[in-house]
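Enquirer: Got two chains here, each in a separate frame; can you build the complex from them with the hints?
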Amino acid sequence: MNEFVVTINERKYSVKIDLSGVVVLGGRKLSADLTPIANNSYVLRLGDKVFEITANKINQEKYGIIIDADYFEATVRTQLKETASELQNKKAKAFHHSEVKAPMPGLLLKLRVKEGDEIKMGESIMILEAMKMENELRSPSSGVVTKINFKEGQSVEKDSVILTIE
Amino acid sequence: MIKKILIANRGEIAHRIIKACRESGIISAAIYSDADKNALHVRRADEAYLIGESPASESYLNKEKIISLAKKIGADAIHPGYGFLSENSQFIKMVEESGIIFIGPSSKSVEMMGEKTSARRLMKRNNVPIVPGTTEPLNNSAEGKKYALEIGYPVMLKAAAGGGGKGMRKVDSPDQFDESFERARNESLKAFGSDAVYIEKFIEHPKHIEVQILGDKFGNYIHMFERECSVQRRHQKVIEEAPSISVDPVTREKITSAAIEAARACQYYNAGTIEFLMDKNKNFYFLEMNTRLQVEHPVTEMITGIDLVKQQIRIAEGEKLLLNQSDLSIHGHAIECRVYAEDVDNNFSPSTGKIIHHRLTSGPGIRIDRGIDVQSEVPVFYDPMLSKVIAWGINRDEAMSRMKRALGEYQISGVITNIPVFNWIMKQKTFLDGTFDINFLDNEFIPLLPGKWKEDSNREYEEIAAVVGALLKMNEMKIKLSENFTGSNNRWREQSYE
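Going down the list, the sequences are from chains H and B. So that you can map any letter, position 95 of the first sequence is 93 in this note's numbering, and since no number is skipped, the others follow by simple counting. Just add 2 to the spot in the second sequence (first one is 1) and you have this note's numbering.
Isolated chain B, as found in the complex (with noise of 0.2 Å):
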């Protein structure tokens, strides 16, 4: 039995993890950076140690300390959320070289799936379909575009080592290829270190179609259907959601399973997702595979009701899986908005600073996990995700008008943040009948930028945003006036309009 896990992590997946080690009895331990002192998965710890400096390689991805850090309090394991080395295979062997439990799949299954061509072989050979295109990396541009004319332009080109859209460019003519053949490159060289890449042909208007798996260190399987995820920017992910509104009985039954064979074709246990590229026509082709805990997990923790952390928990223990299939159901359910600190008219920089106001929505159906609080900063270091509000409705339409009604009371002020494009996004069209793929935000909303997209918010609020700016103008205005004309003993000293 596990008693203390160290979690290493931060923001709101360290204390999303924290709220599991506390229900299920067990000690969990925080590490923090110095930007990181007093945040928000550091006071719900049970415990906290300082790792290091602010950037992340001398703190939350400094493997070293990390792990000796876990021996000398004497954590039984290591959660590594998801990011920072959560799949790094180097990273996971250490813990398991130390004796300690890590709390994800083996160093071997994230190796066979880390390195995205040799992925595609071994899906290859699984029959789990797959993108047509290469399954070894290019060994130079001309070897490329020979290839692209084989399979056909526009084609991706994809970092080997990679994910999250880094080392990605899509390439429409052969004209294009040498230059996105280098920056793909430099990408993977800065990003993963490696500068191998692989040709992709380009699937039109897919829907990025993700299954959640499960499985015990004894070779027993589970799904817990699929999250739809595709809208997104720079192959970030915005919204998700639980069920897919394309998915039919018949493309789920398939697709499950597809994703069975996966995570058994590369002797996988603990939580896992097989991410799928799924096209108008329904045919759906592996695109790799997530060897941790996923950011929307809670879309898939709503529809189901399991808690995959405490499942991830159990099954490092080694315990076998209590759950089977036939338990498992479909109901309502369940999005996601991921809450950036950024200003997206301003080509989506990250706003940092301090939290000034925030004031959590709640009601029906509403869940939020969070790293941030009244008076947290928001350190330049780190991924600038501040909280996540999950909704969750009897079906679609009503998990929609949750959420909408959730992002209206949820306030924060001090950063900029993108909830009201969730907003955009919840009115158009695309969206709503759920005919969106994967370049619904570069087709529909980039275009609106800067400001544009503004322009379809609600009239009503326009001209009552115009009496409040007012408002406060004039309050400011007279506070000025008195601080000038008028003696100490004024009463309008008493009001401040920060």
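In isolation and in its complexed conformation, chain H is listed as follows (with noise of 0.2 Å):
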């Protein structure tokens, strides 16, 4: 028996599996049978019922799956690996920092904060120039800038990070 906790939308799911694919999902025994039709499409029989399904694998242990034009993105972990990752969560709080990322590629226009500024949660910090918008970036936390990666002016990745807050 394979026990898994799956996390969509916060919620979080407690699916076990044995080996001859059925699927025990909250006290209901159901038959399961996924197979691949195509490059990330499956069909899912799970009891009577049939479902077209699209995933793909986003990273190591995160999926993204469409069923009727509804999207999840579910977090899937063995009860062992989710029991580990709540702790390592508590300890991760306890040195609460918040890197701002470029959520996209393009030019850093223009930098509101400097190294030392005290900021609030939602103030404007930066103006990112992508797609030829200027786009307003919000800070995601209160607290001190303590570093800032870029200057006015220059070119950023996607996901580099721009400044650091504390």
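The hints are simulated quantities; they were obtained by calculation from the structure and are not laboratory data. Model, not experiment: these values are computed from the prediction. Accuracy of the hints is not assured; some may be wrong.
[Said to hold, decoys possible] In silico lysine-lysine, DSS-like type, Cα no more than 25 Å apart, as pairs: (1) B:K21 / B:K73; (2) H:K55 / B:K356; (3) B:K454 / H:K88.
[Unchecked claim] A short list of chain H residues far from chain B (calculated; beta carbon distances all over 10 Å): (4) N57; (5) K88; (6) E97; (7) L106; (8) D115; (9) S139; (10) G141; (11) K145; (12) F148; (13) K149.
Positions of the beta carbon are idealized from the N, C-alpha and C atoms, including for glycine.
Expert: Have a look at this one:
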């Protein structure tokens, strides 16, 4: 019996699967079969029901799953991993800091803060030009700007850390 | 008679024009950049020519290269599609001077409508209602503030050369004016090469209603009713419909007549669209004219049965309109969803990459106009629109239920798309009852970013997704196990869960 904890939209689902393909979900037992049809395309049989699924792997534990135009990001961990990750989360919270990453590649047009500035969550901190539009980026948290890695006029790649707030 | 058309565009619209060429027995010549070598529009054309490197400025925007190629290959006409050079009066003039037919209006009409302040003056003279504000560009911020006080806040600053939401800023109060003015000017300069900005009264809760017209070179005009395009984000349309649920027969009569007056005022020929803002009391104001084929033209085709691209070609050939206004009527209802490769929860950033799975939807009332196929690359250089799903039904309810069904069947993977957003929109009360206006997404959707809007998704499906996730993970673990602990003669190796 394999036990998984699947987290979607911050809700946790416990899914048990035995070797014969019977799924236990919230106390219900259902036969399950997931057959690949093409790249990233599957048919799921669950009890008497049939579903067309598009799914892709996002990272080590995360899948993007589409059912009937509804999109879900599912974080899947074994029961053991889930317990470990919960512990780790508690630790990380004690050393809270957030990084402001570029949500898209672009040109850093204007920086409204400098190192040492105290800022509030939601405050405008920079303007990033991308796709010919000026995009205002706001602070994801309150705190002090401890490090700025770029200057105005520089290009930034997607996901590069522009500044750190502690 | 036109025998060969060079299509100065890419993606779904190039593909759409190729279809009209093929149906009309006209040779279609596609152009492509390095990045588009094997793009769908290239494969579907009769002839294809490399035009330049991937950046649009080196390829799809290179006027000289496109015109000299058209001459070299003996094309009688150039169809510009939308975007790129379609509304570039300088390009149109060059085409006119080269003796090649431009499938669109004259450079003169485009010039008259292209500069927004002169268009506003022209409309005013011809009794087409315009939004209160200036009909000349502002000289400086101080002058702008003076006008803003006169017409009353909030006001809009708009690029005189503009369109598509670029160089456009709403100003709520005098203290924001200077900064907004600077930013509107900067954006305008970058996007259009001109920093001329004018001011308009901000219309509260307006709908975006536009009218499709056709005009021939003999001064005959017809309209093909209105489209409702109020579902927008940053002035980019997301969902379009025809007809509008908010336009009654009396308003329809008025707004379509105004549209024809607008077209006549600039001696327009070919297909064109007049955009209006309509307030709660069904007063409408001229916004701008799009002097080209629109992205959303299929919804009009679906309710009228008229092929707009073929009409464009006929008009360009110098034929008279064969259609009379009395031949046209609204049949049913059509909706279009623009499918973009974008990561909605990540600030709508474009999602580029390779399409690894693409299964089209079809069936009653469904049409797809697309620029992609399996294995297509979605390059960083161009607009990330992948395809348009268009649904027709005998009424709005049926069109909508067909759209929902079709989006559920449509599978794309390899890039992240905005398909789930349509699913969300079609569940919202304001969208369903028709009371939505152009602020609908800003007010109701944007506050739910990132992620929260998905909580509204179907709970049954969420449970199913959990099972799928667990099954995918288990299969992966099995594959790993077998690789680690058993020999090569292992049956799990035959399975691949990419």
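Enquirer: State for each hint whether it applies.
Expert: Here is what the structure says about each hint:
{"no.": "1", "hint": "B:K21 / B:K73", "result": "holds, 23 Å"}
{"no.": "2", "hint": "H:K55 / B:K356", "result": "holds, 15 Å"}
{"no.": "3", "hint": "B:K454 / H:K88", "result": "holds, 23 Å"}
{"no.": "4", "hint": "N57", "result": "holds, 12 Å"}
{"no.": "5", "hint": "K88", "result": "holds, 22 Å"}
{"no.": "6", "hint": "E97", "result": "holds, 15 Å"}
{"no.": "7", "hint": "L106", "result": "holds, 14 Å"}
{"no.": "8", "hint": "D115", "result": "holds, 19 Å"}
{"no.": "9", "hint": "S139", "result": "holds, 15 Å"}
{"no.": "10", "hint": "G141", "result": "holds, 20 Å"}
{"no.": "11", "hint": "K145", "result": "holds, 22 Å"}
{"no.": "12", "hint": "F148", "result": "holds, 17 Å"}
{"no.": "13", "hint": "K149", "result": "holds, 18 Å"}
In the structure shown, no violation is registered for any of the earlier numbered hints.
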